[in-house]
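Please put together the full structure from these sequences, using the hints given.
Chains as they are written, first to last, in this note's numbering: chain S, 1 to 704; chain E, 1001 to 1704.
Some clues are possibly wrong.
Said to hold, decoys possible - Derived coverage of chain E by chain S (criterion: at least 3 residues anywhere in the stretch with Cβ under 8 Å from a Cβ of chain S; other residues may be distant):
| hint | stretch |
| --- | --- |
| 1 | 1381–1389 |
| 2 | 1493–1504 |
| 3 | 1533–1546 |
| 4 | 1620–1634 |
Hints in this document: simulated from the structure, not taken from any laboratory.
C-beta atoms are modelled at their ideal positions from N, C-alpha and C, and glycine is treated no differently.
2 protein chains.
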Amino acid sequence: MVEKFVLFVPVGSMLALIFAFFQAKKVLGFSEGSDRMRKISASIRQGANAYLRRQYTGIGLFFVVMFVVLGIMAFYGFLTPFVPFAFIMGGFFSGLSGFIGMKIATAANARTAQASSESLNRGLRVAFSAGSVMGFTVIGLGLLNLSICFFLLKYVFYAGLAGDEAKQISEISSAMLTFGMGASSMALFARVGGGIFTKAADVGADLVGKVEAGIPEDDPRNPAVIADNVGDNVGDVAGMGADLYESYVGSIVATIALAVSAGYNFGGAAVPMLMAAVGTLASIAGTFFVRCGEKTDQKVLLGALRKGTYVSSALIIIAAFPVIYYSLDCARYPERIGVYAAVLSGLLAGVLIGFFTEYFTSATYKPTQELSDASLTGPATIIIGGISLGMFSTLLPVIIVGVSVLVSFFASGGAADFARGLYGVGISAVGMLSTLGITLATDAYGPVADNAGGIAEMSHLPAEVRERTDALDSLGNTTAATGKGFAIGSAALTALALILAYIDEIKLKSPGFAFDLSIINPPVLIGLFVGTMLPFLFSSMTMKGVGRAAQNIVREVRRQFREIPGLMEGTADADYAACVDICTKGAQKEMIAPALTGIVSPIVVGLLLGVNGVAGMLAGATASGFVLAVMMANAGGAWDNAKKYIESGSHGGKGSDPHKAAVVGDTVGDPFKDTSGPSINILIKLLSMVSIVFAGLILRFSLF
Amino acid sequence: MVEKFVLFVPVGSMLALIFAFFQAKKVLGFSEGSDRMRKISASIRQGANAYLRRQYTGIGLFFVVMFVVLGIMAFYGFLTPFVPFAFIMGGFFSGLSGFIGMKIATAANARTAQASSESLNRGLRVAFSAGSVMGFTVIGLGLLNLSICFFLLKYVFYAGLAGDEAKQISEISSAMLTFGMGASSMALFARVGGGIFTKAADVGADLVGKVEAGIPEDDPRNPAVIADNVGDNVGDVAGMGADLYESYVGSIVATIALAVSAGYNFGGAAVPMLMAAVGTLASIAGTFFVRCGEKTDQKVLLGALRKGTYVSSALIIIAAFPVIYYSLDCARYPERIGVYAAVLSGLLAGVLIGFFTEYFTSATYKPTQELSDASLTGPATIIIGGISLGMFSTLLPVIIVGVSVLVSFFASGGAADFARGLYGVGISAVGMLSTLGITLATDAYGPVADNAGGIAEMSHLPAEVRERTDALDSLGNTTAATGKGFAIGSAALTALALILAYIDEIKLKSPGFAFDLSIINPPVLIGLFVGTMLPFLFSSMTMKGVGRAAQNIVREVRRQFREIPGLMEGTADADYAACVDICTKGAQKEMIAPALTGIVSPIVVGLLLGVNGVAGMLAGATASGFVLAVMMANAGGAWDNAKKYIESGSHGGKGSDPHKAAVVGDTVGDPFKDTSGPSINILIKLLSMVSIVFAGLILRFSLF
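Written out as structure tokens, the structure is:
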């Protein structure tokens, strides 16, 4: 019976994609406004397209190389022949998610600005619909990818194993895990490249424009202003989409793999897929609750967005019960219903981490207000304060994830059967991500609103329009903070599930392998040290990349101010394309080293320290990456909002010395929160994925 | 025969203390200079004494409470009755090391300034002799403490077990481990309190003095100037002394504990103690090579200091062979000589980590020079650059420690016998610390030179004297960087040895305990996450502490400038004591929370997650603490030297915009490198020590 239920997965996928399509049509039905707005929007679109074209060409080359490498490995029997294709497919769908999200975002920015000139609510509707396209494209394509692989494997490649269900699911899950690596690689490039692009443009534009030339943000005289707006799209939209696509499918395939050793076989493999399908419907239903009257109060708007998420969560809580009950045959095995608690704990952990992210980064709470006080004694104290705040804010997320893992493990029967407990941990990741459709919609809405504000400024729309887009943007900052916490939390749980799946993969590949995963086993211990260091090394590289690319922008903007007569007076146009081009080239160049670090490290560690060392490295990288990502995201968010808090009138307001100090904090925070921090999420998952794909090679050639 | 050799340990202790005594006499034989110098030195001494008196009173209370707690635990059979006394003894000797070091440092500062007015070499001799007093006091008292405990336990408390050598050594080592906790607790208070004191004074003095009032560093008109100089003594001298005392005895007792399970019994326990005794002689011999002609070239001076360390290392390399050969009875068991490789790898690792610390933080190398370039685009870019540099610099130390652990483990026979491999890891920590006498001497010399510079400035000595003390100080910065790397590296290896000792302790206390130290066991995994987070939380607290205390200093200095007529004109004296008092109170208050975090965490984690969870926590904290400490120390050091590099004339020199940006970097770096970073070293050892002492309690009451 469960077999038939699984047909529900492609149905869910189709529904999500159809819903995304209609949302896109809705967005495109709005007016793009005046000629000037159209023109600006076209420049942004053009820049973003140019960037993605170049990026996908570069990454395409990488994928070709990897395809050959994996093909050779498959030829020598280290991998199933399916793997190279799965790798390409994972990368393709991940890239496609980002691409579509970016397309609609760049189409919606001028429309949001125009709609905002009519009413705040209209503006919200356009921006949120654009966000929904992104959210539902991600989950729609994710489920599509899963369905294609699953059905191909079950009814074509491994149809011959139909008699031995455990063996069949085991082989299927092993093959499916590898398309995660394609998705991860693509996501890493997208996040790192996009993150470097956006922050190089932002930092570069601010350093020369705001600080040296003294012109306001988003001023059309600033040659880097279009690049800055392009950056929001390629970083916060395309990068974010690829990232969460990858968490989404990663958590599902990891849990499918864990279902086998837990002895749940087909039913257990069906649960994560069905949960995702159910989550799709719940998310679609949730979007209908995102509506409000004609009131324009911020709290009301935030409430409207939240309501959508809460409704979706409630629906999932209700629907998850029958899914688990029937899939795991709880009528016969009543103890299995404990898995339901894992779903709940995952969902709750996501909400709580989101809440505490907001608590530590929003100016409506004490931590950020206190941080803004530190600006009174200059830039040094606000920097110390922000880093200290970020570090402190890691305490609660660690406890939340810890409790969630424990609850999931024991509720799912970990005390009696270790493997069932681990399956529960995987399910909690799936539970957290089941609301992804709507969470991502509220999250991706932010950059659209941000762009709309830029367009309003550049097209000299009336001040009230800019006020409205600012209100939308500010709302977007709050949802982005929540979304960031959600991305980090889900990455941690997904990475944990992937580590467990890695162990299972080794068992499958080499049934007699003598594990010694004890933390006092030297290879494990050293792996742990190396893993702990990796997110630091990686962050260093991405930050340096931003720094170098930003320096180039600074030079170019200075050159244009110097060489283009009439630019400062507003009588001549800046050469926007040159800045976009510099950012594009910079991002392409700077993303290579960190991305390769993520791919090469597990192989090198594996060859030198063996399987146990790799497991240690994965555990160390996940723990340290989680803590560092939370720290960087929250420090960055708090600096940003402390600056805004001062701009809204505290401590002397704009232009005062405290404000200047806060700008320093904000600039330091930019690569923290938008480049290094979010890229770490992908790094920790990619490390696991690469380890899984290269498991056969490591087993054969490692020194230990 | 080995039993007789062990008598050599108290002999080594006595020799070290006698040598320290004569060095102290030598220092005191120099002139303190003019009345004004005498007066200033007296103020510093008075401030430092006042601080230590208050600190030791506060800590005394803590020790009384802990004595009662441990007494009650001993009463109920969770501990041997010896433990509470060992705890007090460890704390006492650790505190005494810091106290004596500080006494001589505050006596030597004016003498160094006066000697420098005669010649640079005379200045070096006084400062280095003062450093030697500190270095040899630490190892002398360490060996004394070890000897007292060892002989008391062997010939009094456990004399009855003489028939069963394994059992006897096992009980002895278990009891001895606990005096490490006393030493650790004292060291943590000293490092955190001293670190907060020194940086609050430094940051406070700079913020108002240099930035607001525009007066130079060490200007006597600055009311915080004496507090700043006191800080060098209580932080960099007393704190550092207590810290390394603790690493020193910690590595030795941990290795003694590991000797038992390795099956080496008495001979194995003797090796670390004898290595330390041999190291004492080698260090004394090394000091005689620290001499140079009348040349005043920096490189020659540095060469002189280095020569001492190299000679000592060479002597240890020679002497370690017979020590191991006879103690482990290698004539009969030739394979045991592999332990010798562990000594070498530890020694080498110490040298290499020190070298790379210097590479990343000295302005003679590229990284710091490039960092100073980042000052051209303002404070934000130099902050990003410094953090990025610090993060990048973690790569090599992790690899060095990793290779050292692997070499030690396998060379000592870990492939055939796991426990012997672990013993080798302990020995490598002992090997690294065997040169402590001379390493610490070159390190503790720095703050003395720094103080001498301050006194020269405040007493208006001729410019050439200040130039000489600056040369000494700058040399001190280099040795301090090496010393810091050494402290971090030895802390990591010691902490690893202590984790292994913890596992042994559990086995001793509960022979049938069913370990599951696998990193995929949820309590281990969650412990790992918690442990990874702890150094971040701890750093956040210590940095916030510095911030708050510095704010109070800023307020007080502003008040004095406002209310004391004639202060700015130099016609009235500042109220130095008030600033010292504020720093003292601030440090006392702010050190409580971080110190308690270190003590309470292992107990809470133990009660909730059990022994396996504690082991996970220790591994996570050691790895993350090591990486974070390296990052903070190196970022801070590089900012400091980038600023000095600009002051020496690059990028516009003093007063230029890049210099102002570099000052921001330096100010952020202050708590990084002198408060949070070094305190983490102690935190990771203290966590292990507390876990060991409370092992019995956790075994009895934990949930898991």
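So, going through the hints one by one against the coordinates:
1. 1381–1389: holds (count 7)
2. 1493–1504: holds (count 4)
3. 1533–1546: Since three or more residues must qualify, the claim that chain S covers the stretch 1533–1546 of chain E holds, with 9 doing so at under 8 Å.
4. 1620–1634: holds (count 6)
Comparing the model with each earlier hint shows no violations; every hint is respected.
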